[in-house]
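In order, the protein sequences belong to chains A and B.
In this text, residue positions in the first sequence follow this note's numbering: the first is 675, and each later residue adds one.
In this text, residue positions in the second sequence follow this note's numbering: the first is 675, and each later residue adds one.
If you are wondering where the hints come from, they were derived from the structure by calculation, not from laboratory data.
We treat Cβ as the ideally placed atom computed from N, Cα and C, and that holds for glycine.
Hints should not be assumed to be uniformly reliable.
The following residues of chain A were derived to be distant from chain B, with all beta-carbon distances above 12 Å [what the hints assert, rightly or not]:
| no. | residue |
| --- | --- |
| 1 | 719 |
| 2 | 795 |
| 3 | 843 |
| 4 | 873 |
| 5 | 912 |
Incomplete in silico selection of chain A near chain B, CB under 10 Å [stated by the list, open to error]:
| no. | residue |
| --- | --- |
| 6 | 775 |
| 7 | 819 |
| 8 | 875 |
| 9 | 896 |
This is what each chain is made of:
Number of protein chains: 2
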Amino acid sequence: MADTKASWVAAAAGAAHVHLRAIDAGGDVLSEDHPPRSDWHAAARRLAGEDTLPVVACGLPEGGLRKVPATPIDAALAAQKTHGLTLAAIPGLAQEAPSHVTNGDETAIAGFLSLNPKFDGVLCLPGPATTWAHVSAEEVVSFQTCATAPLGQAAEGWLGLRGAGWDDTAFETALTDTLARPERLSERLAAIQGAGLLLGLEPEAARGRVWGTLIGAELAAMRPYWLGQQVAVVGSGPLAGAYVAAITAQGLPPIRADGAAMLLKGLAEGHRRLAMGA
Amino acid sequence: MADTKASWVAAAAGAAHVHLRAIDAGGDVLSEDHPPRSDWHAAARRLAGEDTLPVVACGLPEGGLRKVPATPIDAALAAQKTHGLTLAAIPGLAQEAPSHVTNGDETAIAGFLSLNPKFDGVLCLPGPATTWAHVSAEEVVSFQTCATAPLGQAAEGWLGLRGAGWDDTAFETALTDTLARPERLSERLAAIQGAGLLLGLEPEAARGRVWGTLIGAELAAMRPYWLGQQVAVVGSGPLAGAYVAAITAQGLPPIRADGAAMLLKGLAEGHRRLAMGA
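So here's chain A without its partners, still in its complex pose (with noise of 0.2 Å):
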């Protein structure tokens, strides 16, 4: 391994930070940092090297929007000079009608279809937001994204139940009552700190609530993405777990994929385009 060198830079911009990996010509990873998003460039340059490797990067503005209907990463990808790096920003994903960006998440779709490029139905990728995107032929259809997972720490902070367990029960019953019902989302929030002092609610029936009654409405926001379809969840960790058990309990089990995986391979996808333009 002391021999292997870099030949490019992964960046995935998250919310706070960018997720940066030094990868060989193989595809592993060498070395990875994790630089506050304010100032990654620093981070980056030292990672690409006297050499400036390449720097693929997805989330970031620099990459600019696409509109959709399109594939989720162009057939061909430029680089730019810029802040000492050499770098190719993939652009977003977007929608006009409603508006919706894709923030990263194009790139996480197009590793997850250079793996399963025949795959034609619904992606959902939770996240920061959750991406809802329909792909057939290889391309995004069309997509929304919903703002379920801020809600939710939100809720969780106000109900003082961070660092609490979850209660797979409490979740189930609150999913099926919001999809009933989801117009009554607010009132169901508020009626989990009602039940906490009133009936003595758990903190993990609880926090199971909030999240059932989020991805609840969620999921009756998006019917016409997810009835009937074939659902791939792409994402990682408890989030895209309770994902699964949602979709699943509308008698759809979804196929399951790592969500940071997709985003690597998505990236070498851009770098593999980035070789073949230049």
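With chain A fixed as given, assemble chain B onto it according to the hints.
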């Protein structure tokens, strides 16, 4: 004024602070203090003085809960000696199914009814939670709460809108839109971010849309409360103004009363009942 002596202390417990006011026999506020909720007894002792004037409080767990239907405050109120104080804590109101508690809003309702004893209709009390109470014959018949304010503050934080202005037209459009399709709440909030990036939506319009979306969803959930009713909005500041605009847009121009004044009036009502029972 130098001669005036306090005769009791009003204590309104909020989420983070307890709002203390020393009140004279004529109902005037002589001095005030706003200690953190976690450590408010010392400040209350200072205002209550060596005479240990009664402290009439609302929004504290010491008050316990009373089930609706019920008058907002019981006919008699008892005081207990605790932490060097003579504390009369007004019980909250509780409703079991769905589970909701009033957290101090019962006292603002009592204040409103002391001035409007014949009121028959629905009170809307915007605040950390918004309480909707059906009031008839001086009793709270039923009530529900909504988590609109914490959701809105979370959305403002995540969209970077804190401190932005307010666009009335954006508020009204989002209100109408979400009232018609409340199940799309989560998608409608996410689309505000998209509209900022794609369509150059200004921060004040984005902020109007956030609150129009959330109050629209709340009005949809609370329709059985307000439809065809006389509504009174008891609250203060821009949030109460937004509710007044939203309810007016449904063709039901509401009565309006100041929330802080009604709360103080309700605490005075508690003091009167304590004095009667003593």
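Do the hints match the structure? See the list:
no.	hint	in the structure
1	719	28 Å, holds
2	795	19 Å, holds
3	843	17 Å, holds
4	873	6 Å, violated
5	912	19 Å, holds
6	775	5 Å, holds
7	819	4 Å, holds
8	875	8 Å, holds
9	896	7 Å, holds
Hint 4 from the list above is the single one not met by this structure.
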